[in-house]
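A.B. asks: Residue-level listing of the chains:
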Amino acid sequence: MGHKGNANTKANANASNGSTTAPNTTAPSASASGSHAHLTPPAKLTGAEIIWATLVGEGVDTVFGYPGGTILPAYDALRKFPVRHILVRHEQGAAHMADGYSRASGKVGVAIATSGPGSTNLVTGIATAMLDSIPIVCITANVSSKLLGTDAFQEVDITGITLPVTKHNFLVNRAEDIAPTLRHAFQIARSGRPGPVLVDITKDAEQATAEFDFEAAKPRPYRPHPMLHVDDSGLAQAAELIRNSKRPVILAGHGVMESGAMEQVRTLAERAQIPVGLTLLGLGGFPASHPLCLGMMGMHGESWVNHAIQEADLLIACGMRFDDRVTGKLAEYALKAKKIHIEVDPAEINKNVKVDVALVGDLREVLEQLLPRISGRDGSAWLKTIEASKGAVAVRDIKNLPDSGHLYAAHVIHDLWRMTGGNAIVVTDVGQHQMWEAQYFRHEQPRTLITSGGLGTMGFALPAAIGAKVACPEKEVWVVVGDGGFQMTAAELATIVQEKIKINIAIINNGYLGMVRQWQEFFYERNYEATPLVSPDFVKLADAHGIPGRAVRKRSEVEEAVKKARSATGAYLLNFMVEKEDSVYPMIPAGSALHEMIRRPEKDPLEERADDK
Amino acid sequence: MLHTFVAYVEDRPGVLTRVASLFRRLNININSLTVGRSERPGLSRLTLVCEASAEAGHRIRASLFKLENVVDVDDIAQAPSVTRELALIKVAASPRNRAQIFDLAEVFRARIVDLTSESLIIEMTGVESKIEGLIEILREDDGRILEICRSGKMTMRRGHHVSSVVKAMGVGEAAVEEDVSADEGAANEVQ
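Here the protein sequences line up with chains A and B, keeping their order.
The opening residue of the first sequence carries number 1 in our numbering; numbering runs sequentially from there.
The opening residue of the second sequence carries number 614 in our numbering; numbering runs sequentially from there.
Simulated from the structure, these hints should not be mistaken for lab results.
Treat the hints with care, as some may be off.
Unchecked claim - Partial chain A-side listing against chain B, Cβ under 8 Å, derived:
| no. | residue |
| --- | --- |
| 1 | Leu163 |
| 2 | His168 |
| 3 | Arg190 |
| 4 | Pro224 |
| 5 | Met227 |
| 6 | Gly234 |
| 7 | Ala236 |
| 8 | Val353 |
Ideal placement from N, C-alpha and C gives every residue a C-beta, glycine not left out.
Take these sequences, add in the hints, and give me the full structure.
C.D. replies: Put into structure tokens, the structure is as follows:
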């Protein structure tokens with residue numbers, strides 16, 4: 001098991017350790033022979049060693065995983081390679097960490113699990129990455145190839161199981177196929193519309209030996225989707241629509257970040273004076289403080305954005321997919337507007353919303369082509385109309401409201417934003433706190449909000465934050481999580497301690513599965529079935545792990561508590577005991593049109609629930 | 614409407630599952646699917662027929678292309694093409710009524726490929742409607758049809774057609790042969 005490895009590998013691995021930041025280092029091809037790769041024949045390595053050598057070659061310096069029977073040869077070989085392994089407490093955590101790592105850094109995250117339950121535990125994390133187009137590579141081991149299909153111990157058909165939730169997956173049963181397959185997996189994960197790739201490697205392939213040549217294992221050149229299509233007439237049409245529009249809105253999504261088109265979107269908006277609405281995953285792609293920024297649209301979006309979309313005569317959708325949470329009822333969505341859709345995935349064109357001009361290609365490249373055709377334009381009348389529609393809503397500034405003795409999640413998030421100067425990476429879970437974060441934490445920079453959008457995976461925040469902190473150790477990382485979601489993956493507190501990871505955890509604790517309770521309140525006659533939630537004392541739970549923390553019950557305590565957490569050398573947990581029955585406003589009920597919002601009751605914008613009791 | 618897709622896919626385990634899984638995901642029933650070797654080593658060619666809205670064609674083709682093992686996809690739609698289906702039909706027939714079926718086969722230009730004292734097998738190639746026609750007539754006699762085995766539709770565009778597979782694979786065009794229309798008279802083509 002891995003003992004056939006060349007003794008030189010360790011020394012070489014250490015030598016190349018200093019340069020692991022260079023993604024295309026050819027060092028691993030020399031993993032048995034120092035830096036003169038071209039002078040020596042390709043090395044003979046075990047499949048297990050080839051896994052690590054290939055990962056190092058792909059620029060990987062950290063993986064998240066959990067060992068087990070069939071993956072043991074790989075773990076045995078790990079010591080020879082300059083790769084940091086973070087031991088998780090549950091494989092779902094490994095997939096989320098790889099995901100958070102990728103979202104924070106833009107690099108491909110790697111998760112490792114053993115066969116059977118190890119690999120099935122990854123599935124939720126893989127699906128999360130799939131729905132949000134996050135490039136991760138999951139490596140699972142499987143039983144020896146001659147046992148495949150026999151229901152051997154801890155055997156499961158993980159390529160079959162993950163087929164619909166991966167961009168692609170592979171089953172490898174020969175050592176010589178490991179390097180080419182892994183390299184291909186990285187290419188698939190990061191190219192086009194990114195996504196998760198799973199590589200399942202049989203134990204005998206790990207144990208066999210094969211020649212390793214990193215360069216020779218290079219995948220065939222990337223073939224872009226054949227239906228990408230951006231032509232002169234499309235660009236001209238788009239420019240024409242923009243020129244003639246009176247009430248245009250840019251809808252910026254996650255694709256802005258994925259293609260690195262922040263500058264281009266900003267140029268388009270500024271030059272043509274077009275306001276920008278953002279999707280949840282698009283937050284940070286356009287600075288929140290920019291005068292043209294309207295904020296988040298959709299189900300819990302700002303009322304003025306949704307009204308602007310319904311009133312618009314042109315929508316310019318940039319790297320977004322008209323998700324149902326963004327459009328509301330399709331039959332009544334933006335009926336007055338022509339639509340331009342700039343998108344890298346041809347399968348998204350006309351899927352939910354029929355568009356007039358489709359520019360199918362990488363957002364940044366398309367905008368680079370479009371911008372020369374865009375000239376200055378006076379948008380002041382439309383901008384004024386939108387500004388006016390903000391009216392009383394925008395004046396509602398929670399920090400100016402008198403302290404009523406109640407603690408609201410909005411206060412906490414607002415203070416968090418104020419005290420971190422908006423510079424932290426915030427990783428949220430799913431539910432009310434996620435929407436409050438999106439509303440009250442103003443993101444100026446891309447990759448500062450990490451959240452599970454498409455799949456809406458509770459339990460995402462804590463592990464994803466670990467991944468984000470590992471990717472960006474210099475950044476301040478905050479977990480914003482509900483009391484429900486936190487308990488789904490709270491076991492990773494131990495991972496934080498073992499790996500000495502400095503993250504701050506803010507639990508927005510309202511004693512309910514809050515978003516479900518809100519739906520019950522609005523749509524199920526307040527039948528709070530299965531939503532009241534008894535939780536452990538989170539501060540004591542943290543303490544049991546050796547993580548300091550404190551509970552916060554009053555608004556006046558928030559600032560000091562946040563200060564304390566930020567100045568702590570290690571991880572710190574804050575348990576914010578917030579108003580129990582507060583709701584997220586505005587809200588578009590599922591299946592309703594974008595303008596049919598439920599608004600926060602006006603008389604006392606923050607305390608309508610408190611009055612009821 | 615009925616969509617017909619012709620796709621070139623890598624000839625390796627699991628590829629068919631991926632194609633089928635895509636249609637399952639889209640909640641589209643596959644009416645027929647034929648797969649076999651193509652003119653290129655390592656590539657299978659499949660013809661897939663399914664019922665879906667007219668607008669769905671674009672998305673299905675785009676989604677098929679997103680599958681890593683799919684090399685080329687052609688949405689035949691209304692393009693002029695040659696379509697064939699093969700059917701084997703086992704019919705109960707005694708020496709007394711055989712002649713009648715022989716005549717029928719003659720009319721439909723079908724062949725008898727197996728003959729026993731109680732049954733015979735008719736082999737027939739043609740467009741779907743022709744095969745349906747034969748089956749319908751055979752059904753007029755209760756209990757006569759014992760088994761039907763149909764290949765599903767196979768489709769090829771008419772005329773010279775340089776497949777984009779060639780481009781996709783970066784192979785020289787020289788290797789591509791001109792499509793030769795099916796031997797039994799493209800002139801008779803209805804669909």
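A.B. asks: Work down the list of hints and note, for each, if the structure agrees.
C.D. replies: To see whether the hints hold, each was checked on the structure:
{"no.": "1", "hint": "Leu163", "in the structure": "holds, 6 Å"}
{"no.": "2", "hint": "His168", "in the structure": "holds, 4 Å"}
{"no.": "3", "hint": "Arg190", "in the structure": "violated, 14 Å"}
{"no.": "4", "hint": "Pro224", "in the structure": "violated, 10 Å"}
{"no.": "5", "hint": "Met227", "in the structure": "holds, 5 Å"}
{"no.": "6", "hint": "Gly234", "in the structure": "violated, 15 Å"}
{"no.": "7", "hint": "Ala236", "in the structure": "violated, 22 Å"}
{"no.": "8", "hint": "Val353", "in the structure": "violated, 12 Å"}
Hint compliance for this structure: hints 3, 4, 6, 7, 8 are not met, and every other hint is.
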